[in-house]
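K.L.:
Using the sequences plus the hints, can you model the full thing?
Going down the list, the sequences are from chains A and B.
For the first sequence, our numbering assigns the number 14 to the initial residue and increments by one for each residue that follows.
For the second sequence, our numbering assigns the number 586 to the initial residue and increments by one for each residue that follows.
No lab work stands behind these hints: they were computed from the structure.
Heads up, the beta-carbon is just placed ideally off N, CA and C, and yes, glycines get one too.
Careful: at least some of the hints might be erroneous.
Said to hold, decoys possible - Okay, derived cross-link-like pairs now, DSS-like style, lysine-lysine, Cα gap no bigger than 30 Å in a straight line:
{"no.": "1", "chain 1": "A", "residue 1": "LYS81", "chain 2": "B", "residue 2": "LYS642"}
{"no.": "2", "chain 1": "B", "residue 1": "LYS602", "chain 2": "A", "residue 2": "LYS65"}
{"no.": "3", "chain 1": "A", "residue 1": "LYS90", "chain 2": "A", "residue 2": "LYS69"}
{"no.": "4", "chain 1": "A", "residue 1": "LYS73", "chain 2": "A", "residue 2": "LYS90"}
{"no.": "5", "chain 1": "B", "residue 1": "LYS602", "chain 2": "B", "residue 2": "LYS642"}
{"no.": "6", "chain 1": "A", "residue 1": "LYS125", "chain 2": "A", "residue 2": "LYS81"}
What the hints assert, rightly or not - Here are the computed distance ranges between Cβ atoms for each label pair:
{"no.": "7", "chain 1": "A", "residue 1": "GLY91", "chain 2": "B", "residue 2": "GLY588", "range": "44 to 50 Å"}
{"no.": "8", "chain 1": "A", "residue 1": "THR33", "chain 2": "B", "residue 2": "SER651", "range": "40 to 46 Å"}
{"no.": "9", "chain 1": "A", "residue 1": "PHE31", "chain 2": "B", "residue 2": "GLN669", "range": "40 to 46 Å"}
{"no.": "10", "chain 1": "B", "residue 1": "SER651", "chain 2": "A", "residue 2": "LEU26", "range": "28 to 34 Å"}
{"no.": "11", "chain 1": "A", "residue 1": "GLU29", "chain 2": "B", "residue 2": "ALA587", "range": "36 to 42 Å"}
{"no.": "12", "chain 1": "B", "residue 1": "GLN665", "chain 2": "A", "residue 2": "VAL95", "range": "41 to 47 Å"}
{"no.": "13", "chain 1": "B", "residue 1": "GLU670", "chain 2": "A", "residue 2": "SER96", "range": "18 to 24 Å"}
{"no.": "14", "chain 1": "A", "residue 1": "TYR52", "chain 2": "B", "residue 2": "GLN669", "range": "24 to 30 Å"}
{"no.": "15", "chain 1": "B", "residue 1": "THR663", "chain 2": "A", "residue 2": "THR33", "range": "39 to 45 Å"}
Stated by the list, open to error - From the structure, some residues in chain B lie toward chain A, with a derived Cβ separation under 10 Å:
{"no.": "16", "residue": "SER643"}
{"no.": "17", "residue": "SER680"}
{"no.": "18", "residue": "GLN685"}
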Amino acid sequence: GNSVTQMEGPVTLSEEAFLTINCTYTATGYPSLFWYVQYPGEGLQLLLKATKADDKGSNKGFEATYRKETTSFHLEKGSVQVSDSAVYFCALSDSGNTGKLIFGQGTTLQVKP
Amino acid sequence: GAGVSQSPSNKVTEKGKDVELRCDPISGHTALYWYRQSLGQGLEFLIYFQGNSAPDKSGLPSDRFSAERTGGSVSTLTIQRTQQEDSAVYLCASSLDGGQASYEQYFGPGTRLTVT
Numbered sequence: 014g015n016s017v018t019q020m021e022g023p024v025t026l027s028e029e030a031f032l033t034i035n036c037t038y039t040a041t042g043y044p045s046l047f048w049y050v051q052y053p054g055e056g057l058q059l060l061l062k063a064t065k066a067d068d069k070g071s072n073k074g075f076e077a078t079y080r081k082e083t084t085s086f087h088l089e090k091g092s093v094q095v096s097d098s099a100v101y102f103c104a105l106s107d108s109g110n111t112g113k114l115i116f117g118q119g120t121t122l123q124v125k126p
Numbered sequence: 586g587a588g589v590s591q592s593p594s595n596k597v598t599e600k601g602k603d604v605e606l607r608c609d610p611i612s613g614h615t616a617l618y619w620y621r622q623s624l625g626q627g628l629e630f631l632i633y634f635q636g637n638s639a640p641d642k643s644g645l646p647s648d649r650f651s652a653e654r655t656g657g658s659v660s661t662l663t664i665q666r667t668q669q670e671d672s673a674v675y676l677c678a679s680s681l682d683g684g685q686a687s688y689e690q691y692f693g694p695g696t697r698l699t700v701t
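P.N.:
Shown next, in the form of structure tokens:
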């Protein structure tokens, strides 16, 4: 079945450091790929998405490229801020007619000043 | 506009009792989803509604779990004879159309269920 694997955390970085959170997936068909973020005390919210191979999603300085050949959707940011501290979830929605999301385990990011 | 709302925000119940969790989706969203977030299992899909019907119930963990949706709007997730392993945060999400996998899902704040 469909699944998502993302790097385990926690990830601790200093402010202005480069961030990569790895995400790989297994899926039949052509899923859409998402990164969701959960800030402390807040609900899940969409960070970015990509709906087909080679698409790049971007938002708030974060980027991720849908790589079909490596079945990956790694999240990157060139210079993190303390306010980026949160839990990040990689997810796919299957290509069936439900749109249900399959999530990775989540990666906790802590950015220190 | 109003987002997805859930009630109660917290629920503590004794093992063996029944609980009902409520979700109010964004107006006009035909698709509604329930997920569960727990320490051991991460974020798991439970059930999907399109309108009032549930074409995908594959994530419900046992027959103690059921859900309904009325008027194409409010949904209730019911857990009967609660067990300690049911303790988790239950999240509801809605989107414009479940048939479009690329549509964003908007999540509610969740209901934290604790079974003692």
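K.L.:
Can you confirm whether the C-alpha distance between LYS90/A and LYS69/A stays at or below 30 Å?
P.N.:
holds (13 Å)
K.L.:
Range hint 40 to 46 Å: satisfied by the CB atoms of THR33/A and SER651/B?
P.N.:
holds (42 Å)
K.L.:
Under 10 Å, Cβ to Cβ, is where SER680/B needs to be relative to chain A, so tell me if that hint holds or is violated.
P.N.:
Status holds, d = 6 Å.
K.L.:
Is LYS602/B close enough to LYS642/B, meaning Cα to Cα at most 30 Å?
P.N.:
Measuring from Cα to Cα gives roughly 23 Å; hence the hint holds.
K.L.:
Against the 30 Å threshold, does the CA-CA distance of LYS602/B and LYS65/A hold or violate the hint?
P.N.:
Roughly 46 Å separates the two Cα atoms, so the pair is violated.
K.L.:
Answer holds if the nearest beta-carbon of chain A is closer than 10 Å to that of SER643/B; otherwise answer violated.
P.N.:
Check passed: Cβ of SER643/B comes within 9 Å of chain A, closer than 10 Å.
K.L.:
Quick check: does the Cβ-Cβ distance between TYR52/A and GLN669/B fall within 24 to 30 Å?
P.N.:
holds (29 Å)
K.L.:
Range hint 28 to 34 Å: satisfied by the CB atoms of SER651/B and LEU26/A?
P.N.:
Roughly 44 Å apart at Cβ, these two residues miss the hinted range, so it is violated.
K.L.:
Given the hint of 40 to 46 Å, is the C-beta distance from PHE31/A to GLN669/B inside that range or not?
P.N.:
The hinted range 40 to 46 Å holds for PHE31/A and GLN669/B, with Cβ atoms some 42 Å apart.
K.L.:
Mind checking the alpha carbons of LYS81/A and LYS642/B for me, to see if they're no more than 30 Å apart?
P.N.:
Status holds; Cα separation ~29 Å.
K.L.:
Within 36 to 42 Å: is that where the Cβ-Cβ distance between GLU29/A and ALA587/B falls?
P.N.:
With Cβ atoms ~37 Å apart, the hint holds.
K.L.:
Should the hint that GLN665/B and VAL95/A are 41 to 47 Å apart at their CB atoms be regarded as holding?
P.N.:
holds (44 Å)
Violated hints for the displayed structure, listed by number in ascending order: 2, 6, 7, 10 and 13.
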